[in-house]
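Asks: Input sequences plus hints: build the corresponding full structure.
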Amino acid sequence: MVIEINKMKTVRVNNGRVEEFENGSLRKTYGSNITAAATDGQTVAAVTRAGRIETYVNGSMRQTFGSNAVSVQVSGDTVVVQTSSGRTEEYVNGSIRRTY
147 MVIEINKMKT
157 VRVNNGRVEE
167 FENGSLRKTY
177 GSNITAAATD
187 GQTVAAVTRA
197 GRIETYVNGS
207 MRQTFGSNAV
217 SVQVSGDTVV
227 VQTSSGRTEE
237 YVNGSIRRTY
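Numbering follows my numbering, in which position 70 of the sequence shown is assigned residue number 216; successive positions increment by one, without gaps.
These are computed hints drawn from the structure, not numbers from a lab. Take these hints with a grain of salt, some might be off.
What the hints assert, rightly or not - Here are the computed distance ranges between Cβ atoms for each label pair:
1. F167 / T245: 31 to 37 Å
2. G222 / K174: 19 to 25 Å
3. N160 / R243: 29 to 35 Å
Don't be surprised by glycine CBs; every beta carbon is placed ideally from N, CA and C.
Replies: Given below as structure tokens:
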């Protein structure tokens, strides 16, 4: 019987790449031209230098969407983005849901 211990995942951006840590140890690096990143433990959402949002699962890019993004937060399939104009955009599965 294998019991999986709850693993804590965190991400940070270093030299334009996402660094993924598991329980404090570096596990993966991926992406390029990344300025900001966030994770919910499964999905990693990253903002590129061009202002696009890229989502990654297990280090593989799943989708890219949006424009003029500055910062990002992710929870499940929902990605919330702060844009350069100060607006907040909410995306669900890559499709914009609302702007406020």
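Asks: Taking the hints in turn, state whether each one holds.
Replies: Here is how each hint holds up against the structure:
1. F167 / T245: 31 to 37 Å: Taking Cβ atoms as reference, F167 and T245 lie about 32 Å apart, which means the hint holds.
2. G222 / K174: 19 to 25 Å: 21 Å, holds
3. N160 / R243: 29 to 35 Å: About 31 Å separates the Cβ atoms of N160 and R243, which means 29 to 35 Å holds.
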